[in-house]
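Number of protein chains: 2
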Amino acid sequence: MSKLRNDTFIRALLRQPTDYTPIWIMRQAGRYLPEYNQTRARAGDFLSLCKNPDLATEVTLQPLARFPLDAAILFSDILTIPDAMGLGLYFAPNEGPKFERPLREEWEIRALTAPDPVEHLGYVIDAVSQIRRALDNSVPLIGFSGSPFTLACYMIEGEGGTDFATTKKMLYQRPDLLHHILAVNTRAVTDYLNAQIEAGAQAIMLFDTWGGALSHNAYHSFSLPYMQQIVAGLTRKREGADIPIIVFTKGGGNWLESMSAIGCDALGLDWSMDIGEARQRVGQRVALQGNLDPAILLTDPDTVFAETAGILASYGSGHGHVFNLGHGVSQFTPPENVAALVEAVHNLSPAYHAAR
Amino acid sequence: MSKLRNDTFIRALLRQPTDYTPIWIMRQAGRYLPEYNQTRARAGDFLSLCKNPDLATEVTLQPLARFPLDAAILFSDILTIPDAMGLGLYFAPNEGPKFERPLREEWEIRALTAPDPVEHLGYVIDAVSQIRRALDNSVPLIGFSGSPFTLACYMIEGEGGTDFATTKKMLYQRPDLLHHILAVNTRAVTDYLNAQIEAGAQAIMLFDTWGGALSHNAYHSFSLPYMQQIVAGLTRKREGADIPIIVFTKGGGNWLESMSAIGCDALGLDWSMDIGEARQRVGQRVALQGNLDPAILLTDPDTVFAETAGILASYGSGHGHVFNLGHGVSQFTPPENVAALVEAVHNLSPAYHAAR
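Going down the list, the protein sequences come from chains D and U. The C-terminal residue of the first sequence carries number 482 in my numbering, and the numbering is unbroken. The C-terminal residue of the second sequence carries number 482 in my numbering, and the numbering is unbroken.
Read the hints as simulated data drawn from the structure, not as lab findings. Think of the CB as a built atom: it goes at the ideal place given N, C-alpha and C, for glycine as much as any other residue. Any given hint could turn out to be false.
As the list claims (entries may be wrong) - DSS-like mimics (lysine-lysine), calculated; alpha carbons at most 30 Å apart, straight line:
id	chain 1	residue 1	chain 2	residue 2
1	U	K177	U	K295
2	D	K376	U	K295
3	U	K177	U	K224
4	U	K363	U	K376
5	D	K363	D	K177
6	D	K376	U	K224
7	D	K376	U	K363
8	U	K376	U	K177
9	U	K129	U	K224
10	D	K224	U	K177
11	D	K363	D	K376
12	U	K376	D	K295
13	U	K363	D	K224
14	D	K295	D	K129
15	D	K363	D	K295
16	D	K376	D	K224
17	U	K376	U	K295
18	D	K129	D	K224
What the hints assert, rightly or not - To give an idea of the interface, some chain U residues facing chain D are shown, with a C-beta separation under 7 Å as derived from the structure:
id	residue
19	L360
20	T361
21	T425
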């Protein structure tokens with residue numbers, strides 16, 4: 127494979143010099159784009175879209191045709207792994223993802239095994255290969271997975287966004303069972319991400335959507351160590367190119383120091399943190415990705431411009447910043463506000479990268 | 127009024143020496159208690175219970191009859207103020223609080239005025255007087271209110287727990303309108319809390335339930351300064367006794383330093399923080415209240431004991447700690463676990479208060 131024409135995103139994650147701050151947007155291929163909704167309608171539903179490599183490739187590329195983004199991200203879902211484990215992922219209309227068969231009995235937990243990614247998640251691996259070919263080395267492709275703890279929450283609760291009472295009861299009363307699930311998930315995520323890298327993913331992001339629901343001690347026992355194991359188990363160089371890893375715990379602002387020490391290249395930040403303060407706290411250990419409040423994209427181009435300028439100024443001079451939102455883009459976002467965001471980052475950021 | 131027989135809670139908030147760590151529990155009068163559910167059934171519904179001073183007194187005292195708690199908290203709701211402003215508070219079955227007439231038009235916002243607490247919220251003030259008489263100086267009574275920003279979220283969205291898209295759009299596009307609402311709320315909360323103090327409340331807690339949904343800059347412009355104004359406007363001494371003030375922003379762990387500088391006596395902590403680290407960050411400026419994950423009360427007495435011991439050990443030797451949960455107690459909590467928690471705090475904590 128030949129050299130990337132735009133490697134700004136990769137270089138920023140590795141804290142190497144760049145001419146400007148690269149930008150991509152969590153959930154950039156999604157419901158705020160009319161062309162996405164058309165493709166999804168053709169697929170039938172969200173899960174069919176994920177499982178069709180042709181259509182997944184199509185929607186992955188849609189935002190890049192509209193906006194000069196500096197990276198593409200595989201179109202998929204964080205719950206493909208538990209689905210491949212046999213839990214039965216489905217999406218009820220206007221609700222989040224759910225599982226038909228959440229883990230209820232100890233024997234079900236003991237019987238859990240890590241799926242072979244090529245055999246059981248071939249549709250994802252095929253999509254990665256196909257997207258890489260379609261991108262033709264224009265910008266890098268990000269592969270991703272949910273974190274072991276976040277996957278476990280869905281596997282135990284059967285859905286997300288709750289108070290995780292069942293998961294936490296297990297955590298405190300049967301930590302052995304939860305550790306077993308997490309160990310299987312860690313094996314599964316490591317294999318899955320290495321298969322994505324093998325198929326062509328050029329950077330990796332781990333989404334720990336629910337780690338922020340834990341106490342300090344529980345996070346450091348049940349979420350972070352498993353992400354550390356994954357980071358240690360991933361292919362970090364392929365065909366001479368570094369494969370950087372981004373770790374994102376939503377609501378994890380209290381724990382940036384320990385997160386920055388697990389061997390990843392960058393941390394994702396939600397919008398609650400001041401990114402300049404976060405940079406001081408993590409020092410030279412990692413790059414930072416973030417952190418505009420997605421609600422700002424519901425306003426207007428002038429407001430988007432002003433708030434984007436504020437985040438760039440807070441990060442300040444120097445390298446190691448990848449611009450992004452602090453969470454996925456809302457389906458109600460006017461696409462022109464995304465255009466304004468990308469333009470603002472590309473126009474304002476070179477001043478912070480000038481030789482000092 | 128004569129002297130409190132148990133002033134441990136007040137002394138801890140003022141960072142004065144105590145023999146042990148006092149404890150109370152957010153939502154201690156609530157649905158996990160069968161006697162509460164009986165009284166509520168007699169009242170008809172939650173709002174009727176809040177508006178009946180006799181029954182509000184009865185349920186306020188119920189947890190104190192079961193457990194040797196170190197404080198009582200007024201049984202009420204944080205949304206009494208917007209209800210008194212005419213927005214029409216109601217509770218749909220199995221849903222959170224909602225308003226019939228959320229703020230939609232600029233003229234509605236401009237017409238908003240702070241209600242006179244005695245005239246429009248007399249049922250709360252009467253409840254405070256009645257509870258004080260019923261407590262007969264056994265333990266102190268905590269009065270409370272929602273923060274101006276948290277009230278504004280409900281007033282604008284018409285409900286809680288959303289992504290606050292409408293509130294945030296206003297914040298970024300019409301900050302003048304949001305500041306107007308917040309200024310009126312600040313006047314209303316200050317008057318309301320001073321009326322509670324006048325009627326006998328011996329400590330005050332400000333609940334900023336949704337401030338943690340804001341970005342760093344937005345929190346420091348739209349939530350914290352208004353809480354600072356309230357703290358500055360409250361009666362801080364009555365009949366020779368100090369009235370301490372606790373400020374609690376759920377999800378505000380990133381901002382403890384600035385929160386500790388607004389003139390309050392104590393900060394509430396959610397369960398995501400390590401309380402020992404939080405203590406180092408705020409130094410001698412404030413006492414800390416917290417911070418057991420309420421999910422731990424869903425387990426069993428042994429687990430509750432072990433986790434409680436961990437928090438006491440993390441806070442360590444010295445005064446200025448009020449034990450509490452990091453959020454309200456779950457309705458599914460077995461009361462025997464609350465008994466185990468209170469016993470654990472009272473039995474384990476004296477070791478941390480011994481003369482050094």
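Status of the hints after comparison with the structure:
1. U:K177 with U:K295: Cα-Cα ~34 Å, so violated.
2. D:K376 with U:K295: 22 Å, holds
3. U:K177 with U:K224: The hint holds at about 17 Å.
4. U:K363 with U:K376: 27 Å, holds
5. D:K363 with D:K177: 28 Å, holds
6. D:K376 with U:K224: 27 Å, holds
7. D:K376 with U:K363: 41 Å, violated
8. U:K376 with U:K177: With Cα atoms ~27 Å apart, K376 of chain U and K177 of chain U stay inside 30 Å; holds.
9. U:K129 with U:K224: 40 Å, violated
10. D:K224 with U:K177: Violated - the C-alpha atoms of K177 of chain U and K224 of chain D are around 40 Å apart, more than 30 Å.
11. D:K363 with D:K376: The given pair, whose Cα atoms are some 27 Å apart, holds under the 30 Å limit.
12. U:K376 with D:K295: 22 Å, holds
13. U:K363 with D:K224: Distance ~53 Å between K363 of chain U and K224 of chain D Cα, so the pair is violated.
14. D:K295 with D:K129: Judged against 30 Å, a Cα distance of about 50 Å means the pair is violated.
15. D:K363 with D:K295: Given that 30 Å is the threshold and the Cα spacing comes to 40 Å, the pair is violated.
16. D:K376 with D:K224: This hinted pair holds, its Cα atoms lying about 20 Å apart.
17. U:K376 with U:K295: 21 Å, holds
18. D:K129 with D:K224: 40 Å, violated
19. L360: 27 Å, violated
20. T361: Interface hint status for T361 of chain U: violated (33 Å vs cutoff 7 Å).
21. T425: This hint holds: T425 of chain U lies near chain D, its Cβ roughly 5 Å from the closest one there, short of 7 Å.
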